[in-house]
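K.L.:
Following the hints, position chain B against chain A.
These protein sequence lines map, in sequence, to chains A and B. Using this note's numbering, you'd call the opening residue of the first sequence number 1 and step up by one each time. Using this note's numbering, you'd call the opening residue of the second sequence number 1 and step up by one each time.
Derived by calculation from the structure, the hints in this document are not laboratory data. There may be inaccurate statements among the hints.
As the list claims (entries may be wrong) - Just so you have them, the derived chain A footprint on chain B, three or more residues with Cβ under 8 Å:
| hint | stretch |
| --- | --- |
| 1 | 43-52 |
| 2 | 87-97 |
| 3 | 102-113 |
All C-beta atoms in this analysis are idealised placements derived from N, C-alpha and C, irrespective of residue type, glycine included.
Next come the chains, spelled out residue by residue.
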Amino acid sequence: QLQLQESGSGLVKPSETLSLTCTVTGGSISSGAYSWSWIRQTPGKGLEWIGYMYHNGPTLYNPSLKSRATILVDKSKNQFSLEVTSVTAADTAVYYCSRGPPGSGLFEYWGQGILVTVSS
Amino acid sequence: DIVMTQSPDSLAVSLGERATFNCKSSQSVLYRSNNKNYLAWYQQKPGQPPKLIIYWASSRQSGVPDRFSGSGSGTDFTLTISSVQAEDVAVYYCQHYYETPPYTFGQGTKLEI
Chain A
1 QLQLQESGSG LVKPSETLSL TCTVTGGSIS SGAYSWSWIR QTPGKGLEWI GYMYHNGPTL
61 YNPSLKSRAT ILVDKSKNQF SLEVTSVTAA DTAVYYCSRG PPGSGLFEYW GQGILVTVSS
Chain B
1 DIVMTQSPDS LAVSLGERAT FNCKSSQSVL YRSNNKNYLA WYQQKPGQPP KLIIYWASSR
61 QSGVPDRFSG SGSGTDFTLT ISSVQAEDVA VYYCQHYYET PPYTFGQGTK LEI
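In isolation and in its complexed conformation, chain B is listed as follows:
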């Protein structure tokens, strides 16, 4: 199985500051035939299900504010919130959906203000 490791476990930033989340996969999730990284990011607020915010490592899901951006390739990925808002407090998970399952998630990074 591909192991997804996120860092840090928690992150405290001030309103308006940049927040950076890291995710590392134990093997590459880049599919060379289409040059796509099979990596997604989800946001989970307390008492709610996870919400897809980024797919293909850098494509924003419809309706997600443009302060959220994803980058990286192969095994190393980053989610960035350019200017953190109060409503961004949540746990953020990365997940691979590369080729054959099982699809696995990282352990999550908790964002606090």
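With the rest of the complex left out, here is chain A:
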């Protein structure tokens, strides 16, 4: 059964870089053509799609993050990651990783989420 698990620092200082990793078990990130996404949730803005990557396709991002987000894959570890630079308090959120059909913004499988707080 496919499972996704987020990990990373739960506390980040303003202006620094948020770094998270999603570990995939029960399936290979290299096999099949799926979309691997990051989504975040805040009480104020609700659910916000951050971006996705998919096999042999471009990595796409939400313009709302103003080019601060980067999604990378480490196939050897069956993981994909998210970095968000120059964070502010507005980046405080629960961050989820997700898998969906190829090139699709449909989110079929979700990790449990990780709370990231931006504070000095």
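P.N.:
Frame of chain A; chain B shown alone:
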């Protein structure tokens, strides 16, 4: 960006009653070349991630009880729970996945018993 607007913000029903959730998109999410509506519904219980329950506006995800159904086309969509059970207490979100991102979610409707 396509704006998704849900109504009502909260809904209180009795056990066994019907619950109806509305979702409106600021532009059509119907892709005419395949006649599919790129609209999904998610259920989120406290402390859990969202769970996909409906896609293509009316297709139930595997394992979702048949009391959940989706309908609508173009810009107006509805999620219906035919007979609400205690375990259905959650926040329900609609989301479009039409063409080019960004993919956006509605603000959610909270279901209470």
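K.L.:
A separate judgement is required for each hint: does it hold in the structure or not?
P.N.:
Do the hints match the structure? See the list:
Evaluation of the coverage hint for the stretch 43-52 of chain B: fulfilled, as 5 residues show C-beta separations to chain A shorter than 8 Å, against a requirement of three. Coverage of the stretch 87-97 of chain B by chain A holds. Counting CB-CB distances below 8 Å, 4 residues qualify, and the rule asks for three or more. Residue count for the stretch 102-113 of chain B with a Cβ under 8 Å from a Cβ of chain A: 7. That meets the three needed, and the coverage hint holds.
Against the hints set out earlier in the document, no violation occurs for any number.
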